[in-house]
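Please build the complete structure, drawing on both the sequences and the hints.
Top to bottom, those sequences are chains S and Z. Okay, so the first sequence: first residue is 220 according to the working numbering, each after it adds one. Okay, so the second sequence: first residue is 519 according to the working numbering, each after it adds one.
Each statement offered as a hint is correct.
Beta-carbon label-pair distances, calculated as ranges: (1) R966/Z with D431/S: 47 to 53 Å; (2) R483/S with E559/Z: 53 to 59 Å; (3) G924/Z with R517/S: 51 to 57 Å; (4) E687/Z with P232/S: 50 to 56 Å; (5) D431/S with G924/Z: 40 to 46 Å; (6) R350/S with E706/Z: 55 to 61 Å; (7) R486/S with E559/Z: 54 to 60 Å; (8) S525/Z with R483/S: 47 to 53 Å; (9) D528/Z with A613/S: 58 to 64 Å; (10) E687/Z with R483/S: 30 to 36 Å; (11) L247/S with K923/Z: 58 to 64 Å; (12) R966/Z with R517/S: 44 to 50 Å; (13) K881/Z with G549/S: 55 to 61 Å; (14) K399/S with M669/Z: 56 to 62 Å.
Don't read these hints as lab results, they were simulated from the structure. Yeah, the Cβ is synthetic: ideal placement off N, Cα and C, and Gly gets one too.
As a plain string of letters, each chain reads:
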Amino acid sequence: MSIVQEPVREAVPQGPLKTPFYPRVVKLDTVNQWHEWKGYSSPDALYCADLEYFAIRNSTAVFDLSPMTKYRITGPDALDYLNRLVTRDMAKVKPGRVAYAVWCDDQGQVIDDGTIFHLREGEYRLCCQERHFAWLQAATIGFDVEVVHETDEIAGLAVQGPTSYSVLSTMGVKGLEDLKPFGLMHVDFQGVEMMISRTGFTADLGYELWIDPGKALDLWDALFAAGTDYKIRPIGTHALDLARIEAGYLAPYAEFLPSDETVRTGRSRSPLELGLEWLVDFKKPNFNGRRALAEEKRNGSTWQLVKLDIEGNKIAHSSYIFSNSKAKGGSIGFVTSATWSPVCKQNIALGTVKAPHGKPGDTVWVEIYYQREMHWNREMAKATVVDKPFWFPARRGATPPGPY
Amino acid sequence: MTKNMDSQYDAIVVGAGHNGLVCSALLAKAGKRVLVLEANEQVGGAAITREFAEGYSVSACAHLLYQLQPEVRKELKLATRLVCEDMTTIALGEDGKHLRIKTDSVEGVSDEDAAQYRDFRKRMTRFSNLLRKYFNKCPPRLGTRDFKDLMTLGQLGLDVRMLGKAEMESLLRLIFMNIHDELTERFENPMLKGAISLDAVLGTHLGPRSPNTMMTYLYRMSGDHGRSGIPAGGMGSVSNELAHAARSAGATIRTSMPVKRIIIENGRATGVETESGDRFDSLMVISNADPKTTLMKLIGAQHAETGFANRMSHLRAKGNAAKLHLALDGLPTIEGLSKKDYAERIVIAPDEHYVERAFNPAKYGESSPNPVIEITFPSFRDETLAPTGKHVMSAVVQYAPYGLKGGWNDEAKAAFMKAIIDTLSKYMPDIEQRITASELLTPADIEREFHISGGHWHHAELSLDQFMFVRPVNGAAQYKMPIDGVYLCGAGTHPGGGVSGAAGRNAARTILSREKAA
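Here you go:
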């Protein structure tokens, strides 16, 4: 026996991590389709993506968003820090409110988008799909602020759909009737503080619940017990992605690449090119990308994000976009996300086209390739550029929400 | 904060270092209403003469003039009187057999080495002439379609090509190289290699085997091919002359006026606030301070964008050269030197390995037990500096890392002082008895006294990743900070430090031509 004592090391997790809800999710999983999301296993689908999607639109869908990256931002300069970081004016986001925001590098190119929760006075949480600690840390230079990565310390569930309000009320959440879209509140869940925000990635009535991982399973159980009569269903990423395209929401690696991961010039996008000009507040004297964006605004953008309503029913996956049916003059852009929208009964897509193409009301043509019994066919489908999200029901914003 | 009446200026220059003075003088000559605010009592920054012991004065930081650009002399009509010029470098040998190194010849080495030296110098002259041309221009921006930038870039390419194929290849090979490799290829004499190594590394945090020390050597030679001189009255005379030029052109210079901050309002500079609470307005603030101090202390990093602030925070600017001043009751004895040799530049760098070994501890935050030293006796030809019959020794001593482990406390300074005196004593056995007073300025002292973050004489390490197009960092390499109304004109900008005036002149010219274009 060796007399040298081995140092005690914390075991390094091997393979994909399991979220706090994993034991419950995996029990309901019947198809075993998973992917990796920032180190965690996350389901593509749990029984059938199409049916899961209908839970979002018709009842209540539950999505485990624990792998969502979370940073806690505190300190005397937290507001100033965020105001320099993101393009919108954070001074307007009061405690108890949530803001959708986008942040850029010095060249005005989007690094990522996400939501910023003003938890309590001067205390913020930034949520996004990707990891950005190095950038957020670099951004602290000159500010009295602390940025803490807290992804693993908070379990998160998206509870989305018309009956979600009823489910949560049944579960015993009080005061939810007054919570407006992009509002947040702290409630007690079995003796532990739970944060509820009226946010989501679906453009439907819905909430996100944030809780200590130790209480995750209890929350899941309570939620599903309360939701039985309201057709509560767990969902995977595919169903969620369908809903977000209907909402016209952007996804990194689809509508844009995080600019720090692009190598070639011109492969990143600015907020102006992504239809997010409403998020860029030039009245702020300084924020990352301000100079570059002001110049872009003067000189015009290269790209323009478009929402397309396409004729026919063939999905325009990755299609080239043309200004005319004969494809004359070469393509003007391409589709970045496409789907058949079950709820709108429309063939829809998000895409990127060269400005000044892509104004609302413009007609463009998408080149769709589809396969029929091994043979490939090509179709030029007419598409209209639309302004509004494809799906944005009144119930999403109704306060108090309807008791569906 | 009191607002001064009559406090509106076309340009405010923060710091009356020699570059700040050159810049102010040129702007004032162009008709600008210029205010220069200097923190210290004297103008000149690190180019000043001051008393360090009763009756003994010395150039407090920079002590040899070898880089002042002819363009600056001409445009400001400078007529600096030198008490020593075209100084010979005497490389000391312990046995009294010293080398005498001139710009294009060397005595005391083999014929082969002497021939090699002539050839080496011929090539270096060709290269430094080429570089000198670009040291006196605003570096072009890369990746733009701006006509002027493209022309400068094209001209640089053409000039390099016009050297001829062999010379072009040689330049492109050498510029990235370390000086040690080149010296080993050419020379045998260790003292010659040691002395040239010293020229390459003086004032930097580099050893002869560090990358791009060929470039730093060429940089040193880009003035008057390394011909050094000592101004009458010390380096302060040059600064006083520059201040006179600036004042004559109409600039106002105010000393003992430390600037607390550059006022940024609505994302642009609108003036400065001094430590005493005075406010001066100008839509143009030109900082002669080092780039890091300018952004982090004077402006505030929160007014810049993240990528830029991050790059600036990584700027390498930790000095490694100390300055030693000795008041002597007589010249020390150096075996093998004649009386008049005390007017020359004397170096202790007996071989190239010695220089590298001196650098080794500095990498780990320790000072050199066997330092390399560049020595002058400015009082030898200038009796204004010391009482009659007495002398001043002014020496640059390496290596004394800014980030010394444990910090530069009294103990650490005393230990380093002992190492220096021990080293000097090997060549000047009676030096210790001659000393009546002394002053040792470590990079930490230089930082405090001259307000240079890191105490680096180039304000930012002179290395290829902080050179030309990317000096001090990408986004500020054209003398313009990415904050409206803020400019840089100090050693941290292109081309770098040394009393050359190039940075100040380039900054002024860039500002004026920008204005013309707008």
